[in-house]
Amino acid sequence: MPPEFEALGDDDLVLRARGGSEEAMLELYRRYRTRIMGYAYRMTGDRTLAEDVFHTTFLYFFQHLERYESRGKLGAYLFRIARSAAVDEKVAGRRSREGPAPPAAKSRVESPSAEGSDADFSAKVREGLLKLSPDLREVATLRLYDGLDYAKIAELTGVSEATARSRMRYALESLRKHLT
Amino acid sequence: MCERFGDEVLLDHVQGRLSPEVALEVEQHFAGCAFCRKAAGQLQALSELSRTAPLEPRAPVDQAVRAAISAAAEERRPRRATSRISLPVVRRFRLLRLLPGRGSDPLIVAAAVAAAVFILVTLLAVVIPGAPPPAAVKERKGPAETLVRTPEPERPRAREEERLRTEARVVELEKKLQAAREEVDRAEAAKTLELKRKAEEEFGKLAAEFRATQERLRQLKIHDADPEGEAPKPQAESARTTATAPLAWLDRVEGDVRLSGTAARSGAEVMAGQSVAVGPRSRALLVYSDGTRVELGPDTGVRELGARSGADGVGRWIDLREGTLGAEVAKQPAGQALAVATPHGEARVLGTTLRILVNPDPNQGMRLEVTEGRVRLTRAGDGKAVTVGAGHYAVAAVGVEFIPRRITELRARRAVYFPAAGRNAEFQAPMTPGRFYAEGSLSGTPVYSPSPTYTVNGRVTGGWVAYAIDVPFDGEWYLWGRFYYPGGSRVARHSDGTDNDPNSFWVSVDGGDEAHFGNLRHDDQKRSYFQRWHWGGDGTAETGLPVPVALGYLPKGRHTLRVRERESYEAGDARLAPRLDMLCLTPDRDYHPRDEDVRR
Chain A
1 MPPEFEALGD DDLVLRARGG SEEAMLELYR RYRTRIMGYA YRMTGDRTLA EDVFHTTFLY
61 FFQHLERYES RGKLGAYLFR IARSAAVDEK VAGRRSREGP APPAAKSRVE SPSAEGSDAD
121 FSAKVREGLL KLSPDLREVA TLRLYDGLDY AKIAELTGVS EATARSRMRY ALESLRKHLT
Chain B
1 MCERFGDEVL LDHVQGRLSP EVALEVEQHF AGCAFCRKAA GQLQALSELS RTAPLEPRAP
61 VDQAVRAAIS AAAEERRPRR ATSRISLPVV RRFRLLRLLP GRGSDPLIVA AAVAAAVFIL
121 VTLLAVVIPG APPPAAVKER KGPAETLVRT PEPERPRARE EERLRTEARV VELEKKLQAA
181 REEVDRAEAA KTLELKRKAE EEFGKLAAEF RATQERLRQL KIHDADPEGE APKPQAESAR
241 TTATAPLAWL DRVEGDVRLS GTAARSGAEV MAGQSVAVGP RSRALLVYSD GTRVELGPDT
301 GVRELGARSG ADGVGRWIDL REGTLGAEVA KQPAGQALAV ATPHGEARVL GTTLRILVNP
361 DPNQGMRLEV TEGRVRLTRA GDGKAVTVGA GHYAVAAVGV EFIPRRITEL RARRAVYFPA
421 AGRNAEFQAP MTPGRFYAEG SLSGTPVYSP SPTYTVNGRV TGGWVAYAID VPFDGEWYLW
481 GRFYYPGGSR VARHSDGTDN DPNSFWVSVD GGDEAHFGNL RHDDQKRSYF QRWHWGGDGT
541 AETGLPVPVA LGYLPKGRHT LRVRERESYE AGDARLAPRL DMLCLTPDRD YHPRDEDVRR
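Sequences listed follow chains A and B, in order. 1 is the number of the first residue of the first sequence in the working numbering; add one for each residue after it. 1 is the number of the first residue of the second sequence in the working numbering; add one for each residue after it.
You can take every hint at face value.
Quick list of in silico lysine-lysine cross-link-like pairs, DSS-like style, CA-CA up to 30 Å:
| no. | chain 1 | residue 1 | chain 2 | residue 2 |
| --- | --- | --- | --- | --- |
| 1 | B | 384 | A | 73 |
| 2 | A | 152 | B | 38 |
| 3 | B | 38 | A | 131 |
| 4 | B | 556 | A | 177 |
| 5 | A | 152 | B | 175 |
| 6 | B | 556 | A | 131 |
| 7 | A | 152 | B | 384 |
Among the chain A residues that face chain B by a calculated CB cut under 8 Å, a handful are:
| no. | residue |
| --- | --- |
| 8 | 26 |
| 9 | 38 |
| 10 | 54 |
| 11 | 87 |
| 12 | 135 |
| 13 | 163 |
Honestly, the hints are just simulated from the structure, not real lab data. The C-beta atom is built at its ideal place from N, Cα and C for all residues, glycine as well.
Construct the entire structure; sequences and hints are all you get.
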C-alpha cells in the first residue's frame, strides 16, 4: 500500500475511492475490516452469519460511496450499515450450522460463580448477551469488550450519551438477572 | 446493597480507567464491602470472558470483498472506447459468497439465468447480422464478462479534455460542498442565524453547480461507452437545476418560512436548487404546476428541490433533511416519479397521498405513511426497498424492522395518558392530590406539594409521587405534563423582592438522573404560562416553547416514574405550589398532547 494512502484521513480516501482509486478502497477496507468483523460477530453470535453481515456491509459501502456524507464519521456509518444487515439476518431467522468462533485465549479470570465451571459461565454470558435486544447488545459489547467511553459509543451508534448510558444500565441489569 | 460506587465506576476500575487516587479509594472500599467486590468481579468476568483474538473473515470472504472492490473501482474509472457487454446482475451473483452450509438463494439463481439469456440474445444481435467487426479480437475476461475489442476510434481531443476537466471539477466541488455543509453546521451550532442563512445560500449555489457538473460528466461517460451514439450536446444549463421557469410556488406561508435563507411570503416562486426552512409552529404549502401539493410542517428543513430528466426514473425531487412532509401527488409521467430523499431512505411516488416524518437521529429515522396509492421506499443503509400501499406505513431506521405495517397499529401507540393522582400513583407526604386550583383540570385532583416543611429521614422535603408504568415496546420515550402555576410576580413576591413563582418539579425514571419537569426558561415565555393550564415538559429547552422531557431508552416492561417537588418557597403558601394534573407518555418526539385526546 503506498505510504501516502496510509497517512490520509478517511474522508480523503473516500473522495479518491469515488474517483476509482482501488488503493484508496483497499486502505479503507484494511482500516475497518477487523472492527466490522468483530462487531458483526458480537451482534450475530455466529461466525458464518457474521461473515455475511461483513460481506454485505463492505459490498454496499463500496457500491454506493456517494451515500456517505463526508463528516469524519466513517466508522459510525459502517457500523450502521452492519447493524442493519445484522438485524435483517436476525429477522430472516437465518441459522448457520457453524457455531461461534472459539476463543483465542483462555480467560485468566476465575468465574465469580462458585457453582459452575468457566466454560458454563462463558456459555451463560454469551447466552445473556444474545438475549439482549440489538440496541442493548450493541452498547454492552462496545463498552465491555471494546472498552469505549460513552462519547465514542454515542458517536458510533448515533445516539446521545444519555441514551447510551441508560441502555448500558438496562443491559447490565438483564445480564445480571441471567447470570444469577 | 451498597450504593457507594455504581456499576460505571466499578467497570472503569476493572478496565483500568480510573485515576490512581480513585482506584485506591475503590480498592480500599472493597476490603469492607462484599457486595461491591462481587459486583466488580462480575464486571471483570463480563469484560474479559469470551474475548477472542481479533476476528478476521475467512479467506473466501476476504477474497470476495477484494474482488468487489476491484469491480467497484473498475466501474468508476473512465472507460476506453470498446464495445462491452456489461453484466451487472451476473457480477453481483459472482461476488455473493456461497460457503458450505448455505443454500443457493433461488432469486440469485433466477437472476443468473436471466442474465445468461440476456447475454445470449445480445451476442446474437451483435454477431449474426452482417460481417463480424474488422480485426475483432475476443478476449476472455472472466466467467461473467466478454469483451469484444474493436480498433479504438480516434476520440476528439476536445471531448477528452472536457471530460478530464469535468472530473476534476466534480472532485473540487465535492470538497467545497463538504466545507460549505460544515459551515452551515457551525453557524447552526453557534446559533448565528445570519451566518447560517449566508452559509445555506452558498451551499445551495454550490449544490446546484455540483449537480449540473455531475450530469455533464455522466453524459460524457455515456458517450464514451457508446461512441456510435449521438454526441452529447453541451448544455449551457442543466435540466436539473438551472431552469428559468419556477419549479413550484409557495401557495401558503404560516409563520417563519425561509426560502434559501430569506423570509418568504405566500406566492413566492421556488426555483430549482433552492432550500426551504420552516420554523417552529410554522407551515408552508408548495404547489407544482401539475397540481401536486406538498405541505411542510413545523421544524422542517428541505435542503434542496429540483427536477431532472428522468434518466434514473426520477423527475422532480425533494431533499428532506428533517421534519414533516405531507403530499398529494398528482399522477406523474411514467418513469418520472417524484422522489423524496432523506438521510435514511428515499420514497418514489407516481401519484398518491402520503406523509413523511424525518428525524436526524438514525435510530428514529424516516417514517412514511401512505393514504392512497403506492410508494416505493428504499432504505439508505443497505439499499433494500419495500412497497408501501394505502393504509400502511414503514420506518427506515437503524435497528427497526423494515416492513410495511397498518397505520392503525401506529396510531394506537402514539401516546398514553394517565392522571397525576390515579390508581398507579404512590405518594410520599407532603405531596398530595387536592382540590385547590382544580378548576380547569382534566383529572379533578391535580397533585402538589403544599409545604416543604415535612421531615423524612432527617431531611426537609416536599415529597414525591411515583407511578408504575408499563412500557409496551422498547424505544425512546418522552414525557409531557399538564401544569398550572398559581404564582408569578402578579401574585406574590419573596421577602427579598424577587418573584415568588414556583413552576417546576423534578422527574426521574427507575432511579436515574432527575430532569426539570415543567419549568420554562425564558422570562418572557414564563410569564405567559402562569395562571393557565398548559402542557409542558422540559423547561430547560432553549426555545422557551414546550417540548417533552426525553426519558431516554426504556425497554419493554415495568418502570417507575417519580415526580418530586423542586421549588422551595417561603412561607410555605400552598396556594402558590405548582400543580400537576395529567401525564402523557409517548414514543413520538413530535407528538404534542391535546386536551381533546384526553377527553376522548
